[in-house]
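Undergrad: As a plain string of letters, each chain reads:
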Amino acid sequence: MKRKKKVSMFDVCNTIFMLLVLLIIVYPLYYAVIASFSEASAVASGKVIWKPIGFTLDSYKQVFSNEKIWIGYANTIYYTVCGTLFNLFLTIPTAYALSKKNLPYRNFIMTIFMITMYFGGGMVPNYLLVKNLGLLNTRTVLIILGGISVYNLIVTRTYFSTSISESLYEAADIDGAGEFQKFLSIAVPLAKPIIAVMVLYYAVGHWNSYFNALLYVSDKSLEPLQSVLRRILILNEDALNQALLTESLSADELLDAAKRSQLAYTMKYAVVFVASAPLLIAYPFVQKYFVKGVMIGAVKE
Amino acid sequence: MKKRIKSLVALALISVMIAGCGKQEADQEVKQESEVQSEVKNASTQQAEISQYPEYLNLEGYRPIVKEGEKITLKVAVGRDDCAETPVEDTWFYHFVEEKLNIDLEVEWVTDSERKNLMLAADDLPDIMIGIGISTEDLIKYGVENEQFLALSDYVSEELTPNYLALCEQYKDYMDFYTAPDGKIYTIPTISSVGRIGYGDSLSVYRMYVDTKYMEAAGIDELPDTLDGFVDMLRKFKALDPTEMGVDEIWPLASCWKYDLAYYQNAFGWITSEWNDLTVPCWDMEKGEVVVPCMEEKYADYVTLLNTLYSEGLIHPDYLTMDTQASRALESAGKVAVCCDSAPYVFNQERFAEYVSAIPLTSEWSKEAVATAGSVCRSPAFFVSASTEYPELCMRLVDYLCTDEGMVYWSTGCLEGSEDTLGIITGFRLNESGTDAEYEEIVSGKYANLLAYRSNVLAISQPSYICQNEVNLILQEMCGVENPQYPELDITNPDAHYRSIVAAAAEGHLVQGLPTMYIGQDIQVEYTDLKTVLKNYVETETAKFVVGQRPLSELPDFQEELKAMGGERYESIVKDAYAGYAGPVK
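Those protein sequence lines, which keep their order, are chains A and B. So the first sequence is numbered by the working numbering: it starts at 846 and just counts up by one. So the second sequence is numbered by the working numbering: it starts at 696 and just counts up by one.
Check before you lean on any hint, since a few could be wrong.
What the hints assert, rightly or not - Derived lysine to any residue pairs resembling SDA-like cross-links, with alpha carbons at most 20 Å apart: (1) A:K892 to B:A861; (2) A:K913 to B:E780; (3) B:K931 to B:V942; (4) B:K879 to B:T907; (5) B:K1141 to A:A1096.
These are calculated hints, taken from the structure and not from any lab test.
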């Protein structure tokens, strides 16, 4: 007979505590969703707490009424896919090479990489570099800038050195495999979990990135989604101020500007949702790799 | 291990030596470069003095500015209104400059302050910068100290820039605002409106609208003209029954931009422009001198007034922390009797005409009812890089923008039917009233409004005016109107309505705020240190007094604390900065 597990006071407190932590994490996300479907005045006056008040899709209509959002989506997908591939192209081979104990000057090279984690050139030298390379206002700059994350490089290197047995490489050596063959035929197929993790890390980075676009891209047709969303929000928030500064607007135009300005209050929540939704949808599909990839190599036997 | 450490130390020393040599070389290079630059500058100044302008420049007129056969490209960075979506290269003015003035433009659209900061910090400036958000601080740091901006005043002459000179002369009363501490002018003045009812200096800074529905319910026939009367009016509003007013609660006053603070401060005789920060100096009407309000004895009375409003529930309990949208939500719901917001239509689109503007107040601290006048001078927006290869050309372009035609073309486009339309726009014509421009593109519904049309089709940048009020008269002249007049305010238009009631309430009470304060470089650090400490302390302690966290009986101690923190020294610094200021124009 299975003995009933005794529920201790600790378990009760722990569960309550963890539920509170869960609430603290989940509630802001939940709030963003319900606020985006509520009347702006209800959100501003603090009436929206648990469910949408005055359910409306106006915020989403306003966000999607701007055609630029689709250009932004297309650009971001392009930057995310190309950028992530470029990152992987640099990170995986580099990590593999650095995991090899017989690599000449391995520690020195690693030290050079590590230095970049603590010291950067700064915004102005970076800008001058990009400018002198003729990369201003190009798609390339948003793909190749920050090609390797040293943190990701270390994680991947650790995976290669701890999770793939050295004897596999020795066996390949005996069979006459070269370094490239060992990398492509042994290391890469066995590194799927860490590649999935890297894809996730890099892709999320590219998806959320907007700062580089602000600095290096002024051509609106190259703007990523985050910048487009930011502009749509500012455009509506500022509609009223712009209207107040403009002479000769008709009554209807002024009232429309006032309404759009009010709507901007809930639009920011809609923008959060629109920007995050694709990643939230994609996350469960890579989660199993993610957990596996992070755990492997965590314990060294 | 020791060997490694030795190697590292040696490596570090070598690096330092290399860096040192590099720096020395770089220093020499910089020195030589600056000598060359200063020679070039001297040479060009001399050139300007003896009227020897470049051959390519047409000094006989502006069509074209660069003589035919010559090809010169100017790099221009522009800021645009938020509703701009089309490329700058698609705008009419861009094509007009290229085709009619014969100046090729390479334009960058700057959408963010980070980009602007980067340009300035990296000294990677285009020839001309328009409306990209260069602040007064930027002007001082990069323009005056680093000499990155061209001093336009160094290049003015009757031959090269007659219209720019005339404009500066016409608005000489306002040129202090645009003159840097080194006495030079680095920008084109951008004047909003002078003497036009409902605009610029005919409006007060504060915006307070009283709901006539509440006035009727409270039995108030006339707006109060004393501070005590105003507070009594709020008390009467508070005493009203919410259900009779059709709401679940009544707040006598709500404030979006804290305009009410400006209103009270005026009632204390202070002509404040920065009403949220009372460490900023202002003119005191009673004393007739520049003062720092928080250091004044009557500051205690001012704080006491705010405490009264708070403790009696005349303002919302979250008054100090409430954001604009939350205040506006209360106003929109009809729960507020006195709404401090930009304009009534902003919070009440249906009943905007039922609000009246509060009138300036007298008090025991100010016998005269005064209100800070709206600013005439907009922030400087047009700059030329000191490293431009074509300073004279830039100046000539500046001069064109200061002509009647340039002013109108830059903001309004050209006349309908004119060949200057270039087939891109139809051009403007006079509207039915014959006092303002209208556009076929807007009438036909192709563009939602003037702002969208101007930003996407006409102008290459914001602000698209130099003297906003003049443009209206000039365009009437261009259409053949003999005695141009400003359009009358049509109070059925929500915007004209607020302009009309604010101007009427403030008429005869307006006083100009202080001009821009420039602090000498030698005491800039001391000023900033004192200002930072005092501002934070005044803000937090004032809030404590208002909400009752600190007893009002400690107000004298508070003012002693300010003195101990260097308040008197701070006061003397700002008073010295305004030593030459004779007082506001009323």
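Undergrad: If a hint holds in the structure, say so; if it doesn't, say that too.
TA: How the hints compare with the structure:
1. For the hint pairing K892 (chain A) with A861 (chain B), the CA-to-CA distance comes to about 58 Å; that exceeds 20 Å, so the pair is violated.
2. About 9 Å separates the Cα atoms of K913 (chain A) and E780 (chain B), which keeps this hinted pair within 20 Å; it holds.
3. With a C-alpha separation of about 16 Å, the suggested pairing of K931 (chain B) with V942 (chain B) holds against the 20 Å cut-off.
4. The hinted pair formed by K879 (chain B) and T907 (chain B) fails the criterion: a straight-line CA distance of about 50 Å is larger than 20 Å.
5. Distance restraint check for K1141 (chain B) and A1096 (chain A): the Cα-Cα separation of roughly 18 Å lies within the 20 Å cut-off, and the hinted pair is therefore satisfied.
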